[in-house]
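Engineer: Residue numbers (this note's numbering), protein chains in the order written: chain A, 848 to 986; chain B, 188 to 533.
It is worth saying that the hints were derived from the structure and are not from the lab.
Some hints could be false.
[Said to hold, decoys possible] Result set (SDA-like, lysine to any residue): computed pairs, CA atoms no more than 20 angstroms apart in a straight line:
| hint | chain 1 | residue 1 | chain 2 | residue 2 |
| --- | --- | --- | --- | --- |
| 1 | B | 194 | B | 236 |
| 2 | A | 891 | B | 194 |
| 3 | A | 945 | B | 409 |
| 4 | A | 945 | B | 194 |
| 5 | A | 909 | A | 866 |
| 6 | A | 891 | B | 382 |
| 7 | A | 945 | B | 236 |
| 8 | A | 891 | B | 409 |
Note that the structure is predicted; figures quoted are calculated from it, not measured.
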Amino acid sequence: MARFITQEWVDAYVEEINASQEYLAAAAEWEGDIAFLIQAEPDKGVPADVWAWLDLQHGRCKDGRIIDAERAAGAAYGITAPYSRWKDVLEDELDPIKGMMQGKLKVRGDLPTIVRQVRAATELVRLTGLVKTEFPDEV
Amino acid sequence: MRAVLFKSEGAVQVGEVPDPTILAPGDAIVRVTRSAICGSDLHFFHLKAPVEPGDVMGHEGVGVIEAVGDGVTSIHPGDRVVVSFHACCGTCWFCRQGETALCEKGRIFGAGLFGGRLAGTQAELVRVPYADVNLLVLPETIDDDRAIFLGDVATTAVYAASLAAARPGETAAVVGLGPVGSLCIQALFAAGAERVVALDRDPARLALASAAGAVTVHVDERNPEMALAALTEDRGADVVIEAVGHPEAFASALDVVRRGGRIIVAGMYAGEVTDLQLGVWWARALDVRFTGLCPVHSWWERAAALLADGSIDPMPLISHRLPMEEAQAGYAAFDRREATKVLLAP
Numbered sequence: 848m849a850r851f852i853t854q855e856w857v858d859a860y861v862e863e864i865n866a867s868q869e870y871l872a873a874a875a876e877w878e879g880d881i882a883f884l885i886q887a888e889p890d891k892g893v894p895a896d897v898w899a900w901l902d903l904q905h906g907r908c909k910d911g912r913i914i915d916a917e918r919a920a921g922a923a924y925g926i927t928a929p930y931s932r933w934k935d936v937l938e939d940e941l942d943p944i945k946g947m948m949q950g951k952l953k954v955r956g957d958l959p960t961i962v963r964q965v966r967a968a969t970e971l972v973r974l975t976g977l978v979k980t981e982f983p984d985e986v
Numbered sequence: 188m189r190a191v192l193f194k195s196e197g198a199v200q201v202g203e204v205p206d207p208t209i210l211a212p213g214d215a216i217v218r219v220t221r222s223a224i225c226g227s228d229l230h231f232f233h234l235k236a237p238v239e240p241g242d243v244m245g246h247e248g249v250g251v252i253e254a255v256g257d258g259v260t261s262i263h264p265g266d267r268v269v270v271s272f273h274a275c276c277g278t279c280w281f282c283r284q285g286e287t288a289l290c291e292k293g294r295i296f297g298a299g300l301f302g303g304r305l306a307g308t309q310a311e312l313v314r315v316p317y318a319d320v321n322l323l324v325l326p327e328t329i330d331d332d333r334a335i336f337l338g339d340v341a342t343t344a345v346y347a348a349s350l351a352a353a354r355p356g357e358t359a360a361v362v363g364l365g366p367v368g369s370l371c372i373q374a375l376f377a378a379g380a381e382r383v384v385a386l387d388r389d390p391a392r393l394a395l396a397s398a399a400g401a402v403t404v405h406v407d408e409r410n411p412e413m414a415l416a417a418l419t420e421d422r423g424a425d426v427v428i429e430a431v432g433h434p435e436a437f438a439s440a441l442d443v444v445r446r447g448g449r450i451i452v453a454g455m456y457a458g459e460v461t462d463l464q465l466g467v468w469w470a471r472a473l474d475v476r477f478t479g480l481c482p483v484h485s486w487w488e489r490a491a492a493l494l495a496d497g498s499i500d501p502m503p504l505i506s507h508r509l510p511m512e513e514a515q516a517g518y519a520a521f522d523r524r525e526a527t528k529v530l531l532a533p
């Protein structure tokens, strides 16, 4: 069980991504690293903003880290949302593409490119469900 | 006369300048009894907009008419008046529509080149052009301390709340609880809003908002987007007034407004830029209205009525009353966010 969102959780997630043939096929054309900002919600057990970073290239994740804001700014894409929104995504209660168009997930970078990768995004979300996750507001 | 003069970035000083005189038939000279420091004065204090050493600061003023030009008809020596923070001509197309802040000849007191080099109100005397339209004669029911808010802050709040047009059952949010944001809460309630959510990180300002009847959110303790979501079945606020004038506050307004909601941008902007996801704004069907400067002349009588009947009470906002000679301390306190409103007495 890995706490969302820690390096341990990111490591487990990267493992699931790289084991997925479905993601390999869906994201074959994807190039670009993505920084995910999980915005603080002190009342939900997330006292400070956390940046997670995935280097996604052609259906594989070459690296995954918890990083600082300065490094995140250099990523090709950034996706920002409060912790509770990410939790909704992980629990399949918020479709990420719909969330982006509704402004619940804020995207930095070329939004049309991300939206066109709907199969890859869907697969990335499905894979989070395979990570045994402990949410900070449920501890 | 004595006046508060811009000295250098982050510094003002009180010094001697020549008394203003009648330069045009429509002018009046006001002997200032009360001026104030406003959040937007800090733009000039920090040289975010150009001012020059020796420029007289300030755009809020109350006083008594000392002299009028031959062309002034409705204002008379001895009248107690409040000065509109921006001066309009009263006759151009925009003024005739009531959009006086867009006047062809519009100028702003104490705003250097940006404001058309009109000397400010933080002085013993101020020259007011087109005095018939740029001065409001005050009723006895509104004292100087309250009246100072009519020239800018209270009227701006009434204007923003009117644009927000919160309907019964709607949730309004105010981002930033400086003087304008704080009075926006009262103005929203006065206009019929049923629920107002106030967002800031300053406990004293949140306490004032709570006393005014708002639901408060300390943005460092609760994520504002999720706080509004929790209050509105995950939708967000129906209407948001952004009362700061900073890209972060604008982003916060975008975060907390619902799809199809309205954002009233009342905070002042100068050279700031922000990313705009056209597709997302379009898909969210956002209605974003920038107020620009408040057309004070079209709204100050309505604001005066709300001050007179107590619907809007600015008195809790006054944190400092200083002699004009201590203006530097007042600016510094405002800059450190230790002051909510600083009044200056010449």
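Engineer: Evaluate each hint against the coordinates.
Structural biologist: Hint check results:
Between residue 194 of chain B and residue 236 of chain B, the direct Cα distance comes to roughly 14 angstroms. Compliance with the 20 angstroms bound is thereby established for this hinted pair. Under the criterion of a C-alpha separation no larger than 20 angstroms, the hint pairing residue 891 of chain A with residue 194 of chain B is inconsistent with the structure, at around 48 angstroms. Annotation: proposed proximity of residue 945 of chain A to residue 409 of chain B is violated, straight-line Cα distance about 24 angstroms (limit 20 angstroms). Of the pairs offered as hints, the one joining residue 945 of chain A and residue 194 of chain B is violated, with about 53 angstroms between alpha carbons and a cut-off of 20 angstroms exceeded.
Our distance criterion of 20 angstroms between C-alpha atoms is met by residue 909 of chain A and residue 866 of chain A, whose separation comes to about 12 angstroms. With a C-alpha separation of about 25 angstroms, the suggested pairing of residue 891 of chain A with residue 382 of chain B is violated against the 20 angstroms cut-off. Between residue 945 of chain A and residue 236 of chain B the alpha-carbon distance is near 41 angstroms, which puts this suggested pair outside the 20 angstroms criterion. Restraint check for residue 891 of chain A and residue 409 of chain B: the C-alpha separation of about 9 angstroms stays at or below 20 angstroms, so the hint holds.
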